[in-house]
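Note that numbering that gives the first Met the number 0 has the sequence shown beginning at 0, numbered continuously upward.
One should not assume that every hint holds.
Restraint ranges, calculated between C-beta atoms of paired labels, are given here [said to hold, decoys possible]:
| no. | residue 1 | residue 2 | range |
| --- | --- | --- | --- |
| 1 | T56 | R79 | 32 to 40 Å |
| 2 | R79 | R190 | 18 to 26 Å |
| 3 | L228 | A168 | 20 to 28 Å |
| 4 | S58 | P111 | 16 to 24 Å |
If you are wondering where the hints come from, they were derived from the structure by calculation, not from laboratory data.
Please read all numbers here as calculations on a predicted model, not as lab measurements.
For every residue, glycine included, the Cβ atom is placed at its ideal position computed from N, Cα and C.
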Amino acid sequence: MSAHAIVEIRHLSCVLGGRTVLRDISLRVEEGETVVLLGRSGSGKTTLLKAVNGLTTPSAGEVWFEGRPAAQWDPIQLRRRMGYVIQDAGLFPHWTVAANVGLVPRLENWPPDRVAARVESLLEAVGLAPGEFRERYPRQLSGGQKQRVGIARALAADPPLLLLDEPFAALDPITRFELQRQFLHLRRTVRKTALFVTHDVREALMMASRVALLRDGALDLILTPEEFLAASTAEAKAFLASLEENWRQDERPPRI
0 MSAHAIVEIR
10 HLSCVLGGRT
20 VLRDISLRVE
30 EGETVVLLGR
40 SGSGKTTLLK
50 AVNGLTTPSA
60 GEVWFEGRPA
70 AQWDPIQLRR
80 RMGYVIQDAG
90 LFPHWTVAAN
100 VGLVPRLENW
110 PPDRVAARVE
120 SLLEAVGLAP
130 GEFRERYPRQ
140 LSGGQKQRVG
150 IARALAADPP
160 LLLLDEPFAA
170 LDPITRFELQ
180 RQFLHLRRTV
190 RKTALFVTHD
200 VREALMMASR
210 VALLRDGALD
220 LILTPEEFLA
230 ASTAEAKAFL
240 ASLEENWRQD
250 ERPPRI
């Protein structure tokens with residue numbers, strides 16, 4: 000395994016409920032890059048993400064993380080080394096924003112003053128003024144604010160890998176674009192490695208260092224965004240056709 004590869008997925012297959020969900024997936028995620036897992040619903044994107052952090056057990060093959068098989072890690076320690084962001088943020092509703100963000104550092108027995116300082120800096124980093132948001136509860140936040148808190152929580156213990164499962168899919172287009180830009184800025188400033196799941200080809204091309212396209216549980220291709228725009232597989236062409244159609248619709252004048 001390369002000294003610079005955070006994750007290496009080796010010939011991984013997964014059968015759930017008698018159905019083959021992943022088929023012989025091999026994929027390397029290098030330090031500092033964002034690999035976007037793009038595919039239709041049911042293509043295996045989320046299952047692959049769960050296999051990386053041990054929530055799903057492969058039927059064949061293996062995942063290596065930071066130079067050793069994931070199966071050799073203590074499962075709790077493995078997951079604490081991976082920040083996880085899901086679509087609805089998954090915040091604890093009866094905890095304040097500060098308590099949610101500081102969860103993993105507290106579990107790692109950081110001193111309280113260090114936890115507080117980390118919470119403050121991360122809220123600033125995701126565009127939430129600590130004095131205004133620190134003591135709020137999730138019910139007092141908008142959807143976009145909850146996702147910002149979810150990203151801050153995933154970064155809190157400075158994990159080497161971020162896993163993001165369609166984190167912006169439920170947001171309105173303007174908020175989604177703002178958070179996409181903010182994530183790109185965070186990626187440049189904190190230099191995190193990430194696996195990012197989406198079914199939106201525009202989001203994939205915007206966010207990715209490389210795009211890994213899944214089709215029926217198999218890896219169809221993995222290319223840079225620039226290379227993907229010229230890809231010739233049937234599945235890539237289908238996604239590119241949908242992208243071109245959206246562009247055409249965007250250019251049409253509104254109906255009165």
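Notebook entry, point to check: Within 18 to 26 Å or not, the Cβ separation of R79 and R190?
Noted result: Given range 18 to 26 Å: holds, Cβ gap about 19 Å.
Note to self: Looking only at beta-carbon atoms, does the pair S58, P111 fall within the given range of 16 to 24 Å?
What the structure shows: violated (44 Å)
Note to self: Quick check: does the Cβ-Cβ distance between L228 and A168 fall within 20 to 28 Å?
What the structure shows: Holds - the Cβ-Cβ distance for L228 and A168, about 22 Å, lies within 20 to 28 Å.
Next item on the list: State, for the Cβ atoms of T56 and R79, whether the hinted interval 32 to 40 Å holds or is violated.
Entry: violated (19 Å)
In the structure shown, a violation is registered for the earlier hints numbered 1 and 4, in ascending order.
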